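For the protein sequence lines, the chains are A and B, in the order given.
Start counting the first sequence at 1; every next residue gets the next number (our numbering).
Start counting the second sequence at 331; every next residue gets the next number (our numbering).
Hints may contain errors.
Claimed, not checked - Not the full set, but computed from the structure, chain A residues with beta-carbon under 8 Å of chain B:
{"#": "1", "residue": "Thr2"}
{"#": "2", "residue": "Phe317"}
{"#": "3", "residue": "Glu319"}
Calculated from the structure, these hints are not laboratory results.
As the structure is a computational prediction, the values presented were derived from the model and not from experiment.
Ideal Cβ placement from N, Cα and C applies to all residues, glycine included.
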Amino acid sequence: MTKTITLAQGNGGEENNELIKKVFYKAFKNEILERSEDAAVIGNLAMTTDSFTVSPLFFSGADIGKLAVCGTCNDLAMMGAQPKYLTCSVIIEEGFEVETLERIVESMRGELAINGAVVVSGDTKVVPKGSVDKIFINTTGLGEIVQAGISSNNVSEEEVILINRDIGCHGATIFAAREGIEMSSALKSDCNSLYPQVKALIDAGVKITAMRDATRGGVAAVLNEWARQSNVCIEVDEEKLPISDEVKGICEMLGFEATALANEGTFVLAIHKDYAQKALEVLKSFDVCTMASIVGEVTQKYPQKVILKSPWGTSRFLETPNGELLPRIC
Amino acid sequence: MRLELKNLYDDFRNADTIKAYAKIIVEDALKLPHSINIMEVCGGHTHTIMKYGILQLLPSNIKFVHGPGCPVCIMPKERIDHAYVLSQQPNVILVTLGDMIKVPGSNGSLQDARSKGADVRFVYSPLDCLKIARENPDKTVIFFAIGFETTTPMSAALLDTVIKEEIPNILLHLNHVTVPEPMRALISDEACIIDAFLGPSHVSVISGSKIYEEFPRDWGKPVVVSGFEPVDVMQSISMIVKQFIENRCELEVEYNRAVTREGNLKAQALNDKYFHKVDFRWRGLGDIPQSGIGLREEYDRYNAEKIYDAILPKEEINDHKLCICGDILKGKASPPQCSIFGTACKPSSPVGSCMVSSEGACAAYYKYGNLV
């Protein structure tokens with residue numbers, strides 16, 4: 001590991017994992033933390049925390065406020081929990097406009113309602129100009145587990161892999177906004193609360209084996225984590241990966257892989273084969289999920305590896321993204 | 331119909347077309363008098379070949395030797411140190427292309443320099459330097475230019491604007507190199523096993539296909555100038571195979587969508603106005619005469635290498651002795667044959683040149699694996 005912290009260590013990929021293991025896990029080591037799930041499971045409760053530093057604060061499809069609620073609530077939803085109680089802690093730079101702050105908070109309020117959650121505690125710090133860039137928000141969330149036993153350690157050959165919608169929109173949107181790339185208006189962040197989709201799946205009787213929202217590090221990071229944690233091989237059909245033309249375009253221009261781009265309302269599911277079609281139907285009933293797709297299967301071909309298969313019969317490994325992808329994406 | 335970006339590549343990634351070319355190549359390969367080694371000179375082609383699994387579609391008597399055409403990979407460590415040292419100077423903003431971000435020099439990478447407080451910025455276009463310079467009138471913006479013939483005109487255009495608009499705070503540090511010289515150096519080596527070349531199309535869009543005429547004519551090596559999509563590469567391989575079975579040795583252009591014999595004369599004129607050929611030391615290959623591009627002396631006042639001469643390191647630094655990048659570039663070895671491949675040498679901590687950028691042969695092998 002490097003002697004000083006680099007931006008690559010916040011990328012949600014390889015370097016980030018190394019930093020967490022060598023510094024935080026080493027100091028805080030305990031059984032719950034080491035399960036390395038989206039949210040910690042404590043009895044019937046799920047708990048998680050997340051900080052939000054996105055730049056710009058407002059972007060096509062969402063803003064830092066919506067993101068701060070979605071991010072934390074989605075981590076709870078991914079453990080099969082209904083988001084209930086949140087804390088909201090803000091660090092604001094001196095000189096920040098109150099009107100902008102109100103817009104951000106209003107956006108948080110709207111998203112809390114969608115989740116059926118409330119903010120029950122908070123903290124406000126104001127720091128001198130230059131100590132922080134505009135505003136950073138931290139939220140911690142507590143949820144009540146509705147379907148227990150969801151874990152990324154349980155993926156087996158009985159499961160298939162689903163993705164709920166087209167991938168890479170958030171990463172592509174933030175990148176386009178920062179680089180000043182004028183794209184057609186169709187490109188916007190996928191930032192969205194996932195609990196309604198999760199609830200619909202549970203209500204329809206779908207048994208979920210594993211679920212994870214593909215935030216930093218994208219779909220590639222999630223699939224690799226599962227392959228490693230469950231000691232399986234995940235084989236993905238490249239042509240079945242749902243990717244919009246806009247995201248493909250950004251990837252072409254800038255040399256990215258859509259599978260490595262961040263998402264804020266996209267999740268990967270491992271579902272028993274018997275429930276797969278049902279799950280797909282349920283997801284497709286949501287407006288944002290028309291591109292939901294069964295993208296691959298679980299095998300033992302190369303345990304702990306993810307394989308991407310091309311439509312012309314070749315295949316390659318899909319690795320966990322590394323290097324500095326894009327700082328301050330969430 | 332509105333032209334969308336995908337119209338530019340969809341057809342060139344068509345599965346049926348790729349499979350059809352694979353079939354033709356396999357059938358034609360049966361008629362080959364001997365097995366052939368094709369060098370794709372450019373890292374962009376290496377990337378395409380690995381990303382799209384092209385090697386898995388080829389018969390065993392057609393092999394690839396991955397060439398030296400990645401601008402980051404061929405940069406000797408002492409020049410990376412130049413960038414690092416320049417970034418440490420007071421009131422300097424060092425600007426370069428994104429590929430340079432994690433390349434380690436003797437003291438660390440530009441990413442490390444930035445984490446220690448240096449102002450290092452990464453741009454997609456050299457002309458972005460103009461905006462940075464305008465926004466920071468009290469700072470000196472140094473553009474650390476890298477790349478082959480394809481990116482050189484952009485550096486020339488930057489200098490052209492700097493001079494015409496009298497922008498006082500932009501300097502250039504040039505590390506541009508050219509393609510034909512290392513090709514010549516490689517085939518002059520007695521141990522060279524290369525039978526034919528795949529030439530990069532974007533280089534020829536600028537410099538024309540004429541730069542490769544000497545290879546079939548004087549060296550007996552066929553060249554096909556190829557695009558970067560998988561269909562382009564498959565078609566080009568097929569064209570090379572046909573040359574061998576028909577006993578031809580020619581320069582052919584697969585990428586006829588944009589390549590002419592003469593190339594972009596305006597870009598060439600802009601290059602010639604400001605730049606001239608210089609000797610360059612290639613990482614992995616050593617000194618190659620007249621293979622680099624430097625600023626003409628009359629523009630010394632824009633040349634960061636001259637202005638900061640006193641503080642820039644001069645000593646040549648070679649790669650670790652276990653590193654076999656030189657042999658990989660010459661086709662004498664393939665990445666997995668290296669004893670430190672994937673262990674001591676990884677994309678996150680590269681030891682040798684070919685692991686440095688995603689266009690390097692070792693990095694491409696590491697990233698995309700090889701399931702064959």
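How the hints compare with the structure:
| no. | hint | verdict |
| --- | --- | --- |
| 1 | Thr2 | holds (7 Å) |
| 2 | Phe317 | holds (4 Å) |
| 3 | Glu319 | holds (6 Å) |
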